[in-house]
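Asker: With chain A's structure known, arrange chain B with the ligands on it following the hints.
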Amino acid sequence: MPVIDIKNLKKYYKVHQKEPGLSGSIKSLFSRKYYDVKAVDGVSFDIGEGELVGFIGPNGAGKTTTLKVLSGLLYPTSGHVSVLGYTPWDRKPAFQKQFSLVMGQKNQLWWDLPAIESFILNKEIYEVPDAQYKKTLDELVELLDVADILKVQVRKLSLGQRMKMELIAALIHSPKILFLDEPTIGLDVVMQKKMRDFIKEYNQRFNSTIILTSHYMDDVKELCQRVIIIDKGKLIFDGALDEIVKKYANHKLLTVVFDKKVDQDKLSEIGQVKEFNFPKAVISVKRTAASMAAAELLQHFPVADLNIEEPQIEDIIREVFTGADVA
Amino acid sequence: MRKYFTVFSLSFQNEFTYRLNFILWRFRNVLRILMTLFLWTAVFSSRDAALGYSRTQMISYVFLVLIIQTLVLAAPSNDNVGGEINNGDLSNYLVKPISYLNFWLSRDWASKFLNIIFAVIEFSLLWLVFRPQLQFSENMVHILLGIIVWVVGIFTYFFLTKMAVFVAFWYPENTWGIMFIVLVFMEILSGFIFPLDVLPTMAQSALQFTPFPYLIYYPVAILIGKFSIAHSLQFLLQSLIWLFITHFLAQKLWRLGLKVYSASGR
Ligand SMILES: Nc1ncnc2c1ncn2[C@@H]1O[C@H](COP(=O)(O)OP(=O)(O)O)[C@@H](O)[C@H]1O
Ligand SMILES: [Mg+2]
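Just so you know, the protein sequences line up as chains A and B, in that order. Read in order, the letters of the first sequence are residues 1 to 327 in UniProt numbering. Read in order, the letters of the second sequence are residues 1 to 266 in UniProt numbering.
Just chain A, with the same shape it has in the complex (with noise of 0.2 Å):
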C-alpha cells in the first residue's frame, strides 16, 4: 500500500482582482472579483515507504501547494488525497505526530531564544517519551555536528546553523513522512553538500518517505531516484531520474578538439554547431546519427580529442519546461 496516494489532485486559490488605486479600493470592499489560480490542476501520484522522491519544476509550478496540501494546510479545490491512510486537512493529532514540513525560507525557532527549548517544546507537543527525546536528539545533533551551538540564541545562529536547528526542530518525534521545501535555498555550496548529506543518510537510516522539492538540481540528482516533474500545476513526468534522458533527449552531444583551424559552416553539415571556440567545438546530433557523425567528424576533421555525451538534465529539463526541442 502506497504511503502517499494522490488521485486527480486540484487546488485553485481563489484571489481577488485589485483595481488600481483609491476608488478601487474602496470599490473593492463592498464587492470583490474573484479569479482562480489554477496551482495545482488535477495531479497523480504515489509513493511509497522508504522512497526518497525529487518534486521539481519551475517556480509557480505548483510544488509547495501540493505539499501544503499534503501536510493538511490547505484544503483541495478537488481530488482525492491520502497520506498514512489519513486525510491531510482533517489535522488528526495520529497524523500530525507521523508527518514534519520543512520549508527552506520559514522557520518555526523560537527566535530569541536556544533552539533547545524549541526542541523541548516539540517533545512535548508531539508527547515524546523523555528517553527516546533523549535518544533522538542526541543522535541528530551527532549527525549535524551541532552539540556546541545547541544553547546560542537561534537570533545569532548563521542561516546554514540555524537551518540544521529548524532539522532537528522538525524530526525530535521521529516522523515516518517528511516533506522537505527547497531545504537548500540561501546556502553556500559546502553548507547545500552537507545538508543533502543529511537527507540522504537520515532517509537510508530511518527508511523515512521523503519529498524534496528543489530548483537546485544537484540536489536531486544526487539523492533521487525518482523524480516527479510538475509545470504550472499539471504533472508531466514521473519516473527514474535517467529514464528523462531517454524519454525526452532525443539527442547527443559531441565535444571535439581540434588539431587545426576547421571551417566551421562545414561543421554544420555533421549537426548543430551549439558552442565554437577552438580549439573546442560541441555539436548537437540526432541521437541515432551519433555514431555515423562521429566516423566522418574523425574522418574529415583533424581530430585531437572526441566525446559523446548525454545533454545535462537540467538542459533536458529547461528546455522541456520551455516547450523547445531538446538538444
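The hints are simulated quantities; they were obtained by calculation from the structure and are not laboratory data. Among these hints, one or two may not hold up.
[Unchecked claim] Partial selection, computed: residues in chain A whose CB lies under 8 Å from chain B:
{"no.": "1", "residue": "W110"}
{"no.": "2", "residue": "I116"}
{"no.": "3", "residue": "E117"}
[Said to hold, decoys possible] For each label pair, taking beta carbons as the anchor points, the in silico distance ranges come out as:
{"no.": "4", "chain 1": "A", "residue 1": "L29", "chain 2": "B", "residue 2": "F113", "range": "34 to 44 Å"}
{"no.": "5", "chain 1": "B", "residue 1": "M202", "chain 2": "A", "residue 2": "S31", "range": "30 to 40 Å"}
{"no.": "6", "chain 1": "B", "residue 1": "F118", "chain 2": "A", "residue 2": "V15", "range": "13 to 23 Å"}
{"no.": "7", "chain 1": "A", "residue 1": "Q204", "chain 2": "B", "residue 2": "L256", "range": "35 to 45 Å"}
{"no.": "8", "chain 1": "A", "residue 1": "D242", "chain 2": "B", "residue 2": "F12", "range": "51 to 61 Å"}
{"no.": "9", "chain 1": "B", "residue 1": "F113", "chain 2": "A", "residue 2": "A131", "range": "30 to 40 Å"}
Backbone N, C-alpha and C define an ideal beta-carbon position, used for all residues, glycine too.
Answerer: Same frame as chain A, now just chain B with the ligands:
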C-alpha cells in the same frame, strides 16, 4: 496539558529577553497610575463629589481599574496573530498536534503572570507612599463575586481580541485598523476610562447587552459594593453568558477562517 505548560514557561522566558522594553513598559504603567491619582486628587481638591462619586469612591474606582486592567487588557509583548495569519507563519502550528487558541492562551497567561508580579510590587509601593483611602465592599460575597467576574472577563477579553484578529483571514490588509478600532471601543465601553454609571441610564442598560462592561466596570463596581448581591449575581451570570458566546464565536471564526486560509508567503 504539559505542552501548554511548556508554552507558558517558554513565553515567560521570552518576555525577559527584552528587559529594557519590559522595564520601560512597567515604568509607563507607574506613570499612568501616578497621573490618574493626581488627576482625581486635583478634581476633588475643590469639591467633595464629582459625577456622583465621593473622593474616596472615585480614588478606589480608578485604583481598582488599574489593578484589574493589568490582567484583563494585558497581552503578550509579541502577540502577532494577525501577522502570523498574513505571512503564513500560522502553518507552523497547523501541522502540529496543538491547539492554536490554547497556545496563545498559554502565552497570554505567561505574560499576565509576569505582569501580576510587577503590578503587586508597584501597587504596594504606591500605596505605601500615597496611602490613598480605598473603600471596598465589606461583604465577602461581593469580593468573591467581583473576583469571579474579573477572571471571566480576562477570558472574554481574550476571545474578543481573537475574534477581531481572525478577520485577517478575510481582510489581510486591514487587520491593524480593525484591531485598533476594537481596542479603542473596548477601552471606552469597558469602563477603563471612566465609570460607566456616569452615562445616561438608557446607555447603561444598553451596554449591559454588550460584552464590554463585564471586562472592567462590573468587576470593579461589584468589588466596591455598588450593587446588591442579587444584582451582582445577575451580572456574574451574564458575564458567563458572554464568555460562552465569545468563546463559541472565536472558535467558529477560526474554523471558517481555516477554510479560506491559503498559507501564503511561501
Ligand atoms: N496563497 C496564494 N494565493 C494565491 N495564489 C498563490 C498562493 N500561493 C501560491 N499561489 C500561486 O499558485 C501557483 C503555484 O505556487 P507554488 O505552489 O508556490 O509554486 P512552486 O512552489 O512550485 O514555486 C503560483 O502561480 C503562485 O503564484
Ligand atoms: Mg515553492
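Asker: Output the numbers, in ascending order, of every earlier hint that fails for this structure.
Answerer: Violated hints (numbers, rising): 2, 6; every other hint is consistent with the structure.
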